[in-house]
Amino acid sequence: MWLKKRSAKVNTEHDRGAVAVLVEALPGHSDEEVVNRLRMIGAHRAEVLAPGFVLAAIERGRIEELEDIAQVGIKPEKRLLGAAY
Amino acid sequence: MTISEPESEPESEAGRKVATEGGVTMVRRVNKIKTTFKLINKASVSLVSIVARKKEDLAPSSMARLAGFHGEDAKRIHETDQTSVLIETREPEQLAARLADLPHTKGVHPLGGSFVSAQIGSEVIETVLTDPVVRRVQAKKESRPHLTETLPEIGLLRQGARQIQEDGTGVLIGIVDSGFDLSHPAFRDANGNLRVEALLDQTAGNGEYTPAQLERGWSGHARPGADADGHGTHVASIAAGSKFLDYEGVAPGAQLLLVKTDYINTDDAVSWIFRKAGNLPCVVNMSLGHHFGAHDGTDQEERLHRALSGPGRIIVISAGNARDDAIHIGARFLVDEVQAVRFDVRHQQTGPTSLAFTLWYDQHDRFDVEVITPFGQVLRVPALGNSDVYQTQSHDLELACRRYSWSRAVQVLISLGFRSEFVTDRLLKGWQLRITCRRAIIGRIDGWMNNHGFGVFAPHPLVETTRTVSVSATGEACIAVASYVSHAEWQSDQGPQVDQRVLLGRSSPFSSLGPTRDGRWKPDLAAPGQYITAALADLSELAKSPDRSQVNDRLVSIEGTSMAAPVVTGAVALMLQRDPTLTPEKARNILAKSARHDGHTGAAPWTTDYGYGKLNLIAALDLLK
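Listed in order, the protein sequences are those of chains A and B. 1 is the number of the first residue of the first sequence in this note's numbering; add one for each residue after it. 1 is the number of the first residue of the second sequence in this note's numbering; add one for each residue after it.
Same shape as in the complex, but just chain A (with noise of 0.2 angstroms):
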């Protein structure tokens, strides 16, 4: 039960398969080009919700090829907020 050590950088590819992702640009560039950056890492969608917000869904692996241009936030789950759940 004694835990190995696997170093690796935050968002590598430790956890594979495409997760939905919020992109905001970071200064100096722009919401069009973090789109055109999503298409060509084969985001599998890549829209505008609002000026400064990106929505995709990215292989987790490939996050950080948007890292020089847009910070990349991994969206989490929510749940119902009936007491019984």
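I should point out that these hints are in silico values taken from the structure, not numbers from a laboratory. Just so it is clear, the structure is predicted and the values come from calculations on it, not from any experiment. Accuracy of the hints is not assured; some may be wrong.
To be verified - Only pairs whose alpha carbons sit at most 27 angstroms apart, straight line, appear in this in silico DSSO-like list of lysine-lysine:
| no. | chain 1 | residue 1 | chain 2 | residue 2 |
| --- | --- | --- | --- | --- |
| 1 | B | Lys429 | A | Lys4 |
| 2 | B | Lys625 | B | Lys586 |
| 3 | A | Lys5 | B | Lys593 |
| 4 | B | Lys593 | B | Lys625 |
Put chain B on the given structure of chain A with help from the hints.
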């Protein structure tokens, strides 16, 4: 069955049998009086007929009760020749034509969708019930003086009458939730038309449906946006349900924009609703949340809400039910102070067993965070900008430390995933988190498990009930709603139910407490959220709870800040009808200024459990004049 009559009622003893039980006079009526048979479903209606034929000397109220009528007042049950019914059918036109030819039947007209309205006599009840195209027959019940317990509570109803003209007409209400049972009469207007402008189903390839497509889909078997859970149907009917039996939503004149969510792309859902609303005023209800963010209003979706909302664009979110879930730790530390808190992971019966939590502290502070496994192995969270992944045959552990450009806080991420074949109690219980403060400018650290049900902190001074308002309710742009107890009793298929643990008027024991991590005042206000009776989705999970549901009446009574938020959403819709350019800031200020204070809330302008006080709708609307 014996029925007690008021002593003051003048009535001859003739035709009455009087008995004494324990000093109390019990009176049974045997003379014939009029009875309205409450047609609950096919079985019960048949039972009424049988009872009526075979037991003519049985008290009429007893017949009705045997038939499944749950009304509490025996005196209100009267006999009439005909009963108004709402019939659900696959073939409304065809059925209407057949009904029109029946004797003892009048007022037959299709309402639109799959509904037909009629007045039918007891002689033809069985004919109607056995018609192959009839899906359900339900009596149109006489309204009680109070349509619901919720509307009087917020000042909307007094002595049975709405106190204002506004009913939400001209306003759109968006609901992001588990799905919607659009066969429910709560979603149709008086003419039987569906009150839904559009529906987006994120669980089925983002399928978008027009009203015509929804009508077609719900008159057949497709049922787009169907609600297997029951939560969304209940929530939507609280905010905007049409009058149905004794129940009505807060804004029954509003039109609906509905999103059956995939629980991930809720940002997309809100954006879609506002796009669809076009130039019409619109309020969105989100009775869902999570705890994965910084709880300081900087979460991406919270900032997106700020970008999407504005004049005529308002978002209402449940505060959360995490007060007593032991999923939050937080405290101010002194330099070199060390605290260790134990936590257990909960075995998930469905889906993978996992637990993620995040800790947050100001960028000017420095904390060392270590995880100690049940086997005593000590693993330290790496330096800022790095992550470490650990593995065994049975589980993985990720430790990461990062900062986002949009936040001044440092995030520590701890994520545990277990392979189900190896999950044992020994592996899940007895984990520890050890926190050491190295530099303290502000000195505060807060941590949340990603959601309730995945794990729990053991009792410890670090475990807090405050700062448990969920994300995105901690956002600046939204109106965050807490819950209080407005009702402790409800009807169910198992008979009357009562929760003796709760105190009327008191903050619901589950309702998340503020403030936010950065000390802002959330929740904004409290609304009735326990227990709320509203629409039940057919065949849903909630329908399987006989102590909560009234399946034949299509009602269910549940609690949660999920139920409190749509009360406020409906209220905001009424405010938007009065002022279509109302901004979120102005709406929040008005709701806060008009909020009601009582012995439970106390006189303080804001409290962690009630926010600025209890929703007082009429006073809020008065401030908009």
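Hints, one by one, checked against the model:
no.: 1; hint: B:Lys429 / A:Lys4; in the structure: 20 angstroms, holds
no.: 2; hint: B:Lys625 / B:Lys586; in the structure: 13 angstroms, holds
no.: 3; hint: A:Lys5 / B:Lys593; in the structure: 55 angstroms, violated
no.: 4; hint: B:Lys593 / B:Lys625; in the structure: 14 angstroms, holds
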